[in-house]
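2 protein chains.
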Amino acid sequence: MTIENLGFETINLGHGSGGELTRNLLDKIIFKTFSNPFLDKKDDGAIVNFNGEIAISTDSFVITPIFFKGGNIGSLAVHGTVNDVAMCGAIPKYLSLAFIIEEGLKVSDFIKIVKDIKKAADESGVLIITGDTKVVERGKGDQIFINTTGFGEMHPKANISVDNIKEGDKILVNGNIAQHGMAIMSDREGLEFESTIESDSTNLNHLTKELLDAFGAKIKMFRDPTRGGLGTVLHEIANDINKGVAIKEADIPLQKQVAAACEMLGLDPMYVANEGVFIVVVDPSIETEVLTLMQKHDKGENATCIGLFTQEHPNKVVMESLIGGKRIVSPLVGEQLPRIC
Amino acid sequence: MTIENLGFETINLGHGSGGELTRNLLDKIIFKTFSNPFLDKKDDGAIVNFNGEIAISTDSFVITPIFFKGGNIGSLAVHGTVNDVAMCGAIPKYLSLAFIIEEGLKVSDFIKIVKDIKKAADESGVLIITGDTKVVERGKGDQIFINTTGFGEMHPKANISVDNIKEGDKILVNGNIAQHGMAIMSDREGLEFESTIESDSTNLNHLTKELLDAFGAKIKMFRDPTRGGLGTVLHEIANDINKGVAIKEADIPLQKQVAAACEMLGLDPMYVANEGVFIVVVDPSIETEVLTLMQKHDKGENATCIGLFTQEHPNKVVMESLIGGKRIVSPLVGEQLPRIC
Chain A
179 MTIENLGFET
189 INLGHGSGGE
199 LTRNLLDKII
209 FKTFSNPFLD
219 KKDDGAIVNF
229 NGEIAISTDS
239 FVITPIFFKG
249 GNIGSLAVHG
259 TVNDVAMCGA
269 IPKYLSLAFI
279 IEEGLKVSDF
289 IKIVKDIKKA
299 ADESGVLIIT
309 GDTKVVERGK
319 GDQIFINTTG
329 FGEMHPKANI
339 SVDNIKEGDK
349 ILVNGNIAQH
359 GMAIMSDREG
369 LEFESTIESD
379 STNLNHLTKE
389 LLDAFGAKIK
399 MFRDPTRGGL
409 GTVLHEIAND
419 INKGVAIKEA
429 DIPLQKQVAA
439 ACEMLGLDPM
449 YVANEGVFIV
459 VVDPSIETEV
469 LTLMQKHDKG
479 ENATCIGLFT
489 QEHPNKVVME
499 SLIGGKRIVS
509 PLVGEQLPRI
519 C
Chain B
179 MTIENLGFET
189 INLGHGSGGE
199 LTRNLLDKII
209 FKTFSNPFLD
219 KKDDGAIVNF
229 NGEIAISTDS
239 FVITPIFFKG
249 GNIGSLAVHG
259 TVNDVAMCGA
269 IPKYLSLAFI
279 IEEGLKVSDF
289 IKIVKDIKKA
299 ADESGVLIIT
309 GDTKVVERGK
319 GDQIFINTTG
329 FGEMHPKANI
339 SVDNIKEGDK
349 ILVNGNIAQH
359 GMAIMSDREG
369 LEFESTIESD
379 STNLNHLTKE
389 LLDAFGAKIK
399 MFRDPTRGGL
409 GTVLHEIAND
419 INKGVAIKEA
429 DIPLQKQVAA
439 ACEMLGLDPM
449 YVANEGVFIV
459 VVDPSIETEV
469 LTLMQKHDKG
479 ENATCIGLFT
489 QEHPNKVVME
499 SLIGGKRIVS
509 PLVGEQLPRI
519 C
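Which chain is which? The protein sequence lines are A and B, in order.
The first sequence begins at 179 in my numbering and counts up by one.
The second sequence begins at 179 in my numbering and counts up by one.
If we strip away everything but chain A, and leave its shape as in the complex, we get:
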């Protein structure tokens, strides 16, 4: 894809006016990049066909820095919403895309972001069908914020609900935790680690679809521990269903360099944000089969069982530590890493 010389190097307020400059920016970058029958109509809205249940999810992305190891705000904005739709047990099909740009954003940066949105959307198998572009004055935003709203058809075999979770059900994760948050920390000013930690930001929808294809209603829950991390999400689930969660620290997949970076900064990896991690709750009878399927998939190579649901300590997440002691994993209070997604 080539984008012609635009004749301007930064985005200015006029590009958000709704007039000729807006049309120019959209025609030369947005419509050209994402061209598809829905978007090509250039209407205020898109018209699509759906029959039955659809899952809808929205997220605004305000991550800083906008470019980081393993991705940028554009690819993240696709992955985040695609994954939220997938976690509902749906097959993501369409995204809306809305930019809030701070005056002065380099056009070359905008194009880089737009190209990565396209790449991530293609990899996820979703189309950008409608959008919006606003520009705010310098100092009233922070380079670029992106909202995506995603729509997906429910997988015909899905029956995902916390209400299906029983005592003894196993909790699996697809891979190493805490990478996204630590990648962002390492990219932020003054915090450069010698090691190169990459964000795990990726689309999980193909793997969740394969799991539903194979195991249908035996999959009781998907959940991606983004903001707040694994600890907060497990705590939320335990509370929602009035059951306990028992996990073992030794079973939680964690890269050595990520663990080291967390220790150095005094952060608990259980609360660090992920963008390519999800948990799957299954009946214990299919644990091995599910893990085998996941481990064969490129988004689940490090899949493992981290624990189970129990009636022993309702509403509490209890972790057996590496040295055998037990501690309660409370939810994250306050802010650990601001603007992580």
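Some hints here could point you the wrong way.
Computed list of chain A residues with no C-beta within reach of chain B, every gap over 12 Å [stated by the list, open to error]: (1) Val285; (2) Lys296; (3) Ser339; (4) Gly394; (5) Arg405; (6) Gly444; (7) Ile464; (8) Leu469.
Here are a few chain B residues that face chain A, going by a calculated C-beta distance under 10 Å [unchecked claim]: (9) Gly223; (10) Val226; (11) Ala268; (12) Tyr272; (13) Thr311; (14) Val314; (15) Gly319; (16) Phe329; (17) Ala451; (18) Pro462; (19) Glu465; (20) His491; (21) Val511.
Cross-link-like lysine-lysine pairs, in silico, BS3-like; alpha carbons within 27 Å at most [as the list claims (entries may be wrong)]: (22) Lys494(A) x Lys219(B); (23) Lys426(B) x Lys494(B); (24) Lys271(A) x Lys220(B); (25) Lys271(A) x Lys219(B); (26) Lys293(B) x Lys219(B); (27) Lys219(B) x Lys335(A); (28) Lys494(A) x Lys426(B); (29) Lys297(A) x Lys220(A).
FYI, nobody ran anything at the bench for these hints, they're computed from the structure.
Just so you know, even glycine gets a beta-carbon here, dropped at the ideal spot from N, CA and C.
Fit chain B to the supplied structure of chain A, relying on the hints for placement.
Then chain B, alone, in the frame of chain A:
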């Protein structure tokens, strides 16, 4: 609706962390205000049922000031997206709602906005079914930005398409133009007019539905001239279908005080943003009937015919001025009023 004492007076970064503070903010304000079966599940996404064609539209709202005469950023965020869905010929049903809040926003202001979102959603007959809340540091946003994405079922009788427009088709508007833009200007620092111009921000979906109920496929197009104003929108349509638009300045409904304010500031009301105005394109045979219906509706009391499509000057909008001369209405270039929506 009462919202209990929250124990904090401003929004801080922790409210965007995804942890306990986020949950607290959502439980006490968002879930309480918008409670409905979709949202009450508190999942990352909502699951809804649709059968057939649905219209989807997204908009991010960055208006400043966030409170203005005739509305605020919350009511506007509902009206803007509800109207975009309605303009597709659809019946809006659901909205997603995503906040980007600047640290330090007064909780009382946030509650005021949330309450007006609820009120506008109720009046429009739409449910808030999923959402997101992010917080950015002071100086990295501007109080609050709101994204809404709307979903509506296509009206069974709708057959809206610019391709249906023929020479001679009439262009009607539902009411006075340029009020929203001038209300914002009058509210902005240093620009207080003696007169009180109110934004026209409102939901148009009930009127568009009545029009489709009554006239079905004879309605060829709806379009709301928001950013860029009536002039830009007419120019876009003329260009899209390679036809001319002939309008008469004398027929364009415009409040006297709005006209005076525009003149004082050197602004052309044809380019000033509207939020409660729409144009309807119809076969000339039903012009009178359509106007009669519109004028009986509280959102169309000042409805009038402003012109027609012609082959005489393709791609051009030509306006006959009050004194009889003719001028070409070109599209808005650059920025007239930044951050008007």
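Comparing the hints with the structure gives:
Interface exclusion of Val285(A) from chain B stands, the closest Cβ pair being 16 Å apart, more than 12 Å. With a minimum CB-CB distance of about 17 Å to chain B, Lys296(A) clears the 12 Å threshold, and the non-interface call stands. Not every CB of chain B lies more than 12 Å from the CB of Ser339(A), the least distance being 9 Å, so the non-interface label is violated. Non-interface status of Gly394(A) relative to chain B is upheld: no Cβ of that chain comes within 12 Å, the nearest being about 17 Å off.
In this structure Arg405(A) is not separated from chain B by more than 12 Å, as the shortest Cβ-Cβ distance comes to only about 3 Å. With 12 Å as the threshold on Cβ separation, the claim that Gly444(A) sits away from chain B holds: the shortest Cβ distance comes to roughly 16 Å. Here Ile464(A) stays apart from chain B, with its beta-carbon at least about 23 Å from theirs, past the 12 Å limit. The Cβ of Leu469(A) lies farther than 12 Å from every Cβ of chain B, with a closest approach of about 24 Å, so its non-interface assignment holds.
The interface hint given for Gly223(B) is met, as the beta carbon of that residue sits about 3 Å from the closest beta carbon of chain A, less than 10 Å. A cut of 10 Å between beta carbons decides the hint on Val226(B): the least distance to chain A is about 6 Å, and the hint holds. A least Cβ separation of about 8 Å between Ala268(B) and chain A falls short of the 10 Å threshold, and the interface hint therefore holds. With 10 Å as the threshold, the beta carbon of Tyr272(B) comes within range of chain A, its nearest partner Cβ sitting at about 7 Å, so the hint holds.
For Thr311(B), the interface hint holds, since its Cβ comes within 10 Å of a Cβ in chain A; the closest pair sits about 8 Å apart. Using the Cβ-Cβ criterion of 10 Å, the hint placing Val314(B) at the interface with chain A is satisfied: the shortest such distance is roughly 5 Å. A distance limit of 10 Å between C-beta atoms decides the matter here; for Gly319(B) the minimum to chain A is near 6 Å, and the interface restraint holds. Nearest Cβ of chain A to the Cβ of Phe329(B): about 7 Å, under the 10 Å cut. The hint holds.
Because the smallest distance between the Cβ of Ala451(B) and any Cβ of chain A comes to about 7 Å, under 10 Å, the interface hint for this residue holds. The criterion of a C-beta within 10 Å of any C-beta in chain A is not met by Pro462(B), whose closest approach is roughly 24 Å, and the hint is violated. A hinted interface residue such as Glu465(B) counts as satisfied when its beta carbon comes closer than 10 Å to some beta carbon of chain A; here the least separation is about 24 Å, so the hint is violated. Below 10 Å, beta-carbon pairs count as interface contacts, and His491(B) has none with chain A, the closest being about 19 Å; its hint is therefore violated.
The interface hint given for Val511(B) holds, since its Cβ lies 4 Å from the closest Cβ of chain A, which is under the 10 Å cut-off. For the hint pairing Lys494(A) with Lys219(B), the CA-to-CA distance comes to about 20 Å; that is within 27 Å, so the pair holds. Of the pairs offered as hints, the one joining Lys426(B) and Lys494(B) holds, with about 14 Å between alpha carbons and a cut-off of 27 Å not exceeded. For the hint pairing Lys271(A) with Lys220(B), the CA-to-CA distance comes to about 22 Å; that is within 27 Å, so the pair holds.
Proposed proximity of Lys271(A) and Lys219(B) is supported: the alpha carbons are some 23 Å apart, at most 27 Å. In summary, the hint linking Lys293(B) to Lys219(B) is supported, as the alpha carbons are separated by about 21 Å, within the 27 Å threshold. Annotation: proposed proximity of Lys219(B) to Lys335(A) holds, straight-line Cα distance about 20 Å (limit 27 Å). About 71 Å separates the Cα atoms of Lys494(A) and Lys426(B), which puts this hinted pair outside 27 Å; it is violated.
Pair hint Lys297(A) plus Lys220(A) holds up; C-alpha atoms about 21 Å apart against a cutoff of 27 Å.
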